[in-house]
Structures are given as structure tokens and as C-alpha cells.
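Count the sequence shown with mature numbering (1 follows the signal peptide of the UniProt record, and there is no 0) and you get residues -25 to -1, 1 to 250, in order.
The hints are simulated quantities; they were obtained by calculation from the structure and are not laboratory data.
A hint or two may mislead.
As the list claims (entries may be wrong) - Straight-line Cα separation of at most 27 angstroms, DSS-like style, residue types lysine-lysine; simulated pairs:
#1 212 / 25
#2 131 / 244
#3 24 / 212
#4 244 / 212
#5 61 / 188
#6 66 / 221
#7 66 / 29
#8 24 / 61
#9 188 / 24
#10 61 / 33
#11 221 / 61
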Amino acid sequence: MKTTITLVAIINLLVLCNLWITASACPAKHNDNSSDSEVMRMRYESWLKKYGQKYRNKDEWEFRFEIYRANVQFIEVYNSQNYSYKLMDNKFVDLTNEEFRRMYLVYQPRSHLQTRFMYQKHGDLPKRIDWRTRGSCWSFSAVATVEDINKIKTGKLVSLSEQQLIDCDNRNGNEGCNGGHMETFTFITKLRNHAVAICGYENLPAHNENMLKAAVAHQPASVATDAGGYAFQLYSKGTFSGSCGKDLNHRMTIVGYGEENGEKYWLVKNSWAND
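Throw the hints in and build the complete structure from the sequences for me.
Spelled out as C-alpha cells, the structure:
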């Protein structure tokens, strides 16, 4: 199955309780005073206004502009190819790929996890599933998964706090905005005075898309991915089928799967907003 993202390892499933208490680091300089350069600067100014981006001084403005220009040129060349997805000058476009990885991809995977899977023996699976129609990354992925399974179980969408995990779950190597592990589910099971409770979670075996599909047919699943690719940084829309990586640096939530025009895909919920 061609995936919308690279899924190479850790997958977590929740067990719900029955009781509910409630490019290079330094861009090359361009000495270009042509009309094309002016158009690019105008586009850059529009981008700055759209995202409310401000810099300390003119030197930083120029430095970021050169990164922006290089990334936009990459986007235009990339979008001219016949890929199933498109890139855009999104909110990460003034960052080098190295900066993007350092600032946003801080998930810390465990090297050894016990594997258990409640849907090991599954029957025929539906051809399409989308839990969206039924209701810092490690924290957002964990909370999104709990929210989704609660919605499936109770029919109620309860908004839960990612900040509580970031502030309070500082054991097992979790470091707030500097990264964390999915053992945070253990922390959630021990919470008191909670709005939503879970009894535990399970780890799926790595590199097994059939088991992942079986899991997602029953509920959303939290997954670890390599989101460090240049194209992923500048992704806009479409079925992402970029190159695979093995550096597990980001957590997201799979909320469905399907097939369209012969192309199989996963539906993935991220934590970087819609811009």
C-alpha cells in the first residue's frame, strides 16, 4: 500500500475504560536586480503578512529571504513534475531543512518495545475507513488518539489538554517541548480527576501494514514517522508519496485509509495546523 507518509515503526492502540468520569544551512546569495527578483520580494512580503512573521533587523530579513527564494524555486520545480501531491510556500518556507528538523522534529523513539496486538486475528476489513466522519507532536498525537477513541465509544467529542502532558509528564525521558515518548499513555492511565480515562495501550509490530490496517479499522492509531524530508516540510495537499526515511522523529495519528483512482492511502492527522 502506498502511504501518505512514511510509516516505519512504533504504533500504539488505546484500550478505553468502560467508566467515563466526565536545502543547505547557509543559502547562496543572489545578486539579481531583475524584475523576477522584485516579483519574488513582493511575494515574500505577502508571505510575511500572511503568517505575521517579523525579523529582528534587515540582515535577518535578507538572510531569510534567500532561504525563502531557494525554497520557492524548489517548490516550483517540484510542482512542475507529475507527483500525486503539491508543495507550497507554507509557514516553514523561511527555514532550511536542517532548522526545520531541529525545531519541529524532536520525537524520541524507544529502541525496544514489547509488541501486543488485540486485533491479531481479524476478519475481512472494510475497503475504506475515515474516523473523521464519525467524530509538542508526541503530546498532540497521544491526546488526539484519546479524543478520537472517546468519540467512537461515547459519541461525545471532548477536547483534552496537550499542555497537561507537556507540563506534567516529565518521567520516562519526556522533556516537554524538547521531545517525548509514547509511554505518555501510561501517564494518562494513572491520571485522577480526568475527563476521559483509558485502561492501557498496545504496541503493534513494525513494518506490518496489514495489522495497521486492521487496527485503524477499529480505531485511530498513534504512529511514529520520518517527517524530515524536504518535500514533507513544504507539503501542501494531495497523496504524499515521497521518499522513505528511517529516522523516527515525529508523531501523528492515523484516522483512516482508503483507495482512490487505484491509489491506496492513509489519512493522517498532524499537529501543525492547516497552514
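Results for each hint:
no. : hint      : in the structure
1   : 212 / 25  : 19 angstroms, holds
2   : 131 / 244 : 19 angstroms, holds
3   : 24 / 212  : 22 angstroms, holds
4   : 244 / 212 : 13 angstroms, holds
5   : 61 / 188  : 26 angstroms, holds
6   : 66 / 221  : 25 angstroms, holds
7   : 66 / 29   : 12 angstroms, holds
8   : 24 / 61   : 22 angstroms, holds
9   : 188 / 24  : 42 angstroms, violated
10  : 61 / 33   : 31 angstroms, violated
11  : 221 / 61  : 23 angstroms, holds
Hint compliance for this structure: hints 9, 10 are not met, and every other hint is.
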